[in-house]
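Chain A is fixed; fit chain B with the ligands onto it per the hints.
So the chains spell out like this:
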Amino acid sequence: MAQIGIRGVRKSYGKTQVVHGVDVDIVDGEFVVILGPSGCGKSTLLRMIAGLEEITAGEISIDGEVVNELEPRERGCAMVFQNYALYPHMTVAQNIGYSLKVAGVPRATRDQRVLETARTIGLVDFLDRKPGQLSGGQRQRVAMGRAMIREPRVFLFDEPLSNLDAKLRVQMRLEIRRLHQRLRATSVFVTHDQVEAMTLADRLIVMNEGHIDQIGTPSEVYGLPASRYVGGFIGSPPMNFLDVTVGGDGGHVVVGDGQHLSIDPAIGAGLVGQTVEVGIRPEHVTVGHRAGGSTLTAAFDFMEDLGAGRLFHGRLGGADFIVHSPEHRPPAFGEEIPLHIPRDAVHLFDPQTGKRVAAQPVVQAAAA
Amino acid sequence: MRRAYFKDNRIAYLLVAPQLLIIFVFFYWPTGEALFWAFTLEQPWGGGNEWVGLDNLNAVLSDGRYWNAVVVSVIFALASTALAMGMALILAIFADRQLRGYKFYRIGMIWPYAIAAPAVGLAFRFVFNPDAGIMSYLNTISADVWNPTLNGTHALIMIVVAGAWKQVAYNFIFFLAGLQSIPKSITEAGAMDGASVLRRVRDLQLPLLAPTFFFLLVINITDSFTDSFGIVDVMTQGGPARATDLLVYKIYTDGFKGLDYSGAAAQSIILMSLVILLTVFQFRYIERRVHYTG
Ligand SMILES: Nc1ncnc2c1ncn2[C@@H]1O[C@H](COP(=O)(O)OP(=O)(O)OP(=O)(O)O)[C@@H](O)[C@H]1O
Ligand SMILES: [Mg+2]
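For the protein sequence lines, the chains are A and B, in the order given.
Numbering-wise, the numbering used here comes out as the position in the first sequence, counting from 1, plus 1196.
Numbering-wise, the numbering used here comes out as the position in the second sequence, counting from 1, plus 1296.
For reference, chain B alone in the conformation it holds in the complex:
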């Protein structure tokens, strides 16, 4: 990496100042507020906050509905990550082999990532609409074969698909870049050694993609914890019967609908710790993984 050296440190500080300001205003400040709320309780009649220690956290952790959200979130995270990474990998392998039309979908693949989560949710609400969408044909076979408004499993599947769809593009780009950085002669050597295309993917390309794979795994899981709000809000609002009540959505409903700032703040702190943990894991473990050299 190139480093620039400044004789006068003030210039350096001046250059990073805007970025620091943004991080402070939109991250450290709200985080500080959340921390404050998480350990205090607002007085019923106003007049400042009362320090309550770990009471808020205990209340959250002993709430069955919170643990429901944890389970739902974990299922959502694992399922949407698996789906998004699997789809992206298959598409990237096709694109890498330059199969017919790869130029088209190499560009086409990038668009979904540029679409905001609520817009994705809206689009998939039409797709999965039990009365009018494509899936409604299933209901002509027999009533309620597909009904995400009543069936929790269906609703969860629906947000998993929508969440994965949005994430596929990002994964695809990384997988394709990873595949293309594998020297072509390695797969050619595999071909000379008698391995079929699938065998080469399994024995040569996938192992060499491992660093990319772990990187995306953490990014996807992190994203599915934090970036899924828009989809849930537009598609299911946590329902039916809390079947799609993800952690991040529960924070919003508790805080802004239930006006329980302290409870929501405590949940935020837990979720944030989780994300920080994943990020640390990412930096500590994965970034230092052996990178293969020729």
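Isolated chain A (complex conformation):
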């Protein structure tokens, strides 16, 4: 178990910088998920923690000790790779036990621990097979076993589930979570799958183009996205965005087609007359009239039936707008449907910086 400190870490390949100054503190025993789209630098950051990639600038420490110059084997991290990276010429038992062999653990102890590990990952019957004779899911388990047996201070996972089919992915996700519950080793898990991220994480780190956009628990990140980017990235279907102008006393915004949408006056007051972007989650909107908040009309396009609910696609104020609602009556094409939007479902973002517009002081700081 260990805490990890990441201070102003940057990574450049030649002249191109791909990680632009990352600061995070990961506490002891925490399960942290780094989430972001392809190419945002997630793996690079993880590999810098592992010691597989040189740190261009900044500092990474594990348990207070700066590890920048340490070899991977001196850092006490274990890693599960996306393609598993099993040793193809070794049996499952040799794969799992290799780290112990390198460490000079005597044969008998080693065999004992390999067997124990194989038992927890359910591979006892496969110990004599080569990786080429295993299914994808079994290989994945071997990779996990190989990491587990070392009892590392830190577990690093680089998209370990992305090569599995959907069902197995869910199952392995639970097993990883269970494993963490049991071992309580500090874990850093990289993925671009938000469901995976939300279900596994104690805390999420949302990355975008080499920056951290937000760090928080899954509900914080979902409930109060720190930027337009995070709002759009997390949640499915994604958040609806509308370009609006703050009107009147700041208690509402004016949508493209002139309709009014109520917002929190405490936020809107300082912004009267300014253009902002609002984000509204499809699942926070209901079809029909309700008290409180505001009701706007949208032109209905088509509907997707998800079984557990329905997605109504329409257009509102010149933009595409999706509503996730259990409403059963499918409207006719082009029909105007009323949509109820509660006030606290409306997120405001600065159209220039993309940052969340929260309380007034923040807004003034941004305007200055």
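Derived by calculation from the structure, the hints in this document are not laboratory data.
In silico BS3-like pairs for lysine-lysine, Cα to Cα no more than 30 Å straight-line: (1) B:Lys1480 <-> A:Lys1297; (2) A:Lys1211 <-> B:Lys1480; (3) A:Lys1551 <-> A:Lys1211; (4) A:Lys1326 <-> B:Lys1480.
A few chain A residues that face chain B, going by a derived Cβ cut-off under 8 Å, partial list only: (5) Ala1246; (6) Leu1248; (7) Pro1268; (8) Cys1273; (9) Ala1274; (10) Met1275; (11) Phe1277; (12) Asn1279; (13) Ala1281; (14) Tyr1283; (15) His1285; (16) Tyr1294; (17) Ser1295; (18) Val1298; (19) Ala1299.
Some chain A residues flagged as far from chain B (calculated, every beta-carbon gap over 12 Å): (20) Glu1226; (21) Thr1316; (22) Phe1322.
A quick note: this is a predicted structure, and the numbers were derived from the prediction, not measured.
Where is the CB? At the ideal position from N, CA and C, for every residue including glycine.
For chain B with the ligands alone, coordinates are given in the frame of chain A:
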């Protein structure tokens, strides 16, 4: 592999004809001639060849000098192969790790293979010259510490080094390609498992290079039997005292210097059988070896 299908077979035959012609003229025809000579003896006064059956072969196999050539050839083959493969492997591991200057010697390494064997021999004759070469400094310590013109062992070492030097480039390319085809994540996983660089080479990279290794082993041994003529001819001409009299060189001296066509042909047939055997072994055994998959 992509296959092309021809509606008209004549086009296919036309396309392979030049290649077949070359193989026929430069391989099957001389081989046929050699076979003919190997089992016949030329009449002293001309007038055709007399069939002698296995007499030529028996004569060769009961000749002590032939067995000397066999021993020398085997030593040369094993030593130069070991040296060439060892050097190439070390260089390839360095190049794979992209140590300083690897770009330079990755290209530089290829040149020796492009140099003809006699040219290699000539160059090394200067290098190893006991009176004027680099090695001559050894002789200033004490006379004849290094003298390949008189000392058979020295002469053998000399042709082994020259032969290996020429072969290193070829091996290097194959080893480097082999190393680079090992997924990087496997050695990274080894690093995470706590293995040092050397340990990773030994436990992960070398075992995964096994197919390349066996392939090169056969190629190198075959080459050292057949392609060493130029080096011996230029550097030692089989001497001193037959210490470097390789099979392939003995065929030449017996045939063209001694004018014993039948004896030389019989030796050719033996050497050719050996090479064919190695090649069959290569195809049968090594090509079918398990290739590891991720
Ligand atoms: N060895 C390298 N040389 C140059 N650029 C690199 C190298 N490795 C990664 N990059 C670049 O760094 C950026 C971040 O790569 P990284 O692998 O960290 O992305 P990622 O977030 O893990 O993406 P993915 O989800 O596709 O794995 C990418 O733009 C990539 O092109
Ligand atoms: Mg990645």
